[in-house]
Amino acid sequence: MLNVQIIDTGKSRSFPNLAEFNLSSDAKADILLIIGQEVHQAFKAVSNQNAYQLILLELGEECLGIHTGESLGNEGSHVLGFARYKMGDDPATKLIELVKQPKSKDQSLETAKSFFESLELVVAVCADTPGRIVDRLIRPYLNSVLRRLDDGLATAEDMDKTLKLGLGYPEGPLAMLQRSGLEHHAQVTESLYQALGNPGFFPARRALVAKKMKSN
Amino acid sequence: MSLIKKVGVVGSGTMGSGIAIVAARAGFETCVYDTNSKNLENLSKQSKDFFEKSVARGKMKQEDLEASLNRLSTSSSMADLADCDIVIEAIFEDLQVKHDLFSKLNAICKPQTLFASNTSTISITEIAGGSGRDDRFVGMHFCLPAQLMKLVEMSPGLNTSAESFSTAWQFCIDLGQSPVKTQDTPGFILNYFLIPFNNNAIRMVESGIAAPEDIDKAIKTALGYAMGPMQLLDLVGMDTQRLLCNAMQNLTNEPDAACPPLVRRMISAGHLGKKAGRGFFTYKDSKMFGA
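In the order they appear, the protein sequences are chains R and G.
Remember, my numbering sits 269 above the position in the first sequence when you count from 1.
Remember, my numbering sits 132 above the position in the second sequence when you count from 1.
Next up, chain R with everything else stripped away, as it sits in the complex:
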């Protein structure tokens, strides 16, 4: 069993309630876990980074490179990023997107996977890219659904019914957006649009309206 030292800088999206995982912080640890909103400052303040077998940094929408620096594709070490997937107002899911860099150590990846899996979380490894796996895939799709709703392709109910029945989805995309907060989708996809420049990420009109309404 690996020992973990935790630096909690507050308001973690991945671990809003550490107690649920029965994680206790150990000063003589193999893994350093830094979570919360102030990860960058906390990471920079760690003077003995090489004393750890693995350092895990909780990411928001940013890339891991923001914290570690980059070096023309040669970046990567025992420092990995991660984020537990959460859709808007929904509770965090069991998915951990584990972020590696080109030269990340295989041993670090294996250790990180074992650690998260010991917490009964599901790990998917991805490169250090905006949106990681899930947001990068679903945000253009959700924008497209919202745009086609405006175009009158079908009613919201029929679009959701078609995608649920046709693909075995547990919930239609429009119902999911409505429930989890359309304004959150606007914020995430706007950020991805800025990072990637792909028009598919440009927020759909209905998402922008929801965001504006929320801020009023």
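No lab work stands behind these hints: they were computed from the structure.
Please read all numbers here as calculations on a predicted model, not as lab measurements.
Hints should not be assumed to be uniformly reliable.
As the list claims (entries may be wrong) - With a Cα cut of at most 25 Å, we get these calculated SDA-like pairs of lysine to any residue:
#1 G:K313 to R:D359
#2 R:K481 to R:D359
#3 G:K137 to G:L227
#4 R:K382 to G:M359
#5 G:K313 to R:K382
Claimed, not checked - From the derived model, a few chain G residues whose C-beta atoms are all more than 12 Å from chain R:
#6 S298
#7 D348
#8 A401
Said to hold, decoys possible - These stretches of chain R come out as covered by chain G in the derived footprint (C-beta under 8 Å, 3 or more residues):
#9 363–374
#10 386–398
#11 402–414
#12 425–435
Here a beta-carbon is modelled for each residue, glycine too, at the ideal position from N, C-alpha and C.
With chain R fixed as given, assemble chain G onto it according to the hints.
The following block gives chain G in isolation, referenced to the frame of chain R:
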């Protein structure tokens, strides 16, 4: 009560086989036509496997298995479809080939026979235009795997009569399926969203962002989907995905509908998907989904 008694299915690929199972299982005399006799043999075997698995899982009675198999026939002669009340086309996505097929069917089928296309991207009005009976033509897009999925996207063409559409709609309900009426627009609802979504998943693999198993794991865990995009693509087949992309992009010019280069390379390498034993994943057998 359905006006349809005998169903013809053209094409014994993944979709044609699934549709034939649905029709035979629902009590309709069903004849599958294909020029490839090996494919027809395969369909007969896979249908039997599927029904046997259904019995083993308690979803079908033994006597229903036998009755369903008795109702399902195959033929490499188009003339055997002449007395069908509806003929559902499930061949590859090529407008000219579909026109050729329907014009031949039009010459041999009785006047009241309804024609339906399982196309997922091509306009129903365009296909119907080359059928010789565009008033008796409907879009019936089943979903993969058809033998398990309930949804059918039903689209009238511009000249489809209300009576024909109503008959096809009732037939769909009698099949035990759930019809949704869609506009005759490229990709209808499902593929309009699914093709770009799947292409973007392929591009993630292509650019090394994530491995296929990680993409599927992420999507299934985060969103509760039963199947990840890579597994679904293996089921669809790379050759079919390329045809879908080409048809869709020609109609919409949307960049996300363009076929990713990796799909072309996989086709060249024979990594067609589950049916070839290898796609994004490897498979020990090419059994039909659910069999």
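Going down the list of hints, with the structure as the test:
no.	hint	in the structure
1	G:K313 to R:D359	violated (32 Å)
2	R:K481 to R:D359	holds (20 Å)
3	G:K137 to G:L227	violated (28 Å)
4	R:K382 to G:M359	holds (22 Å)
5	G:K313 to R:K382	violated (45 Å)
6	S298	holds (18 Å)
7	D348	violated (9 Å)
8	A401	holds (24 Å)
9	363–374	holds (count 3)
10	386–398	holds (count 7)
11	402–414	holds (count 9)
12	425–435	holds (count 7)
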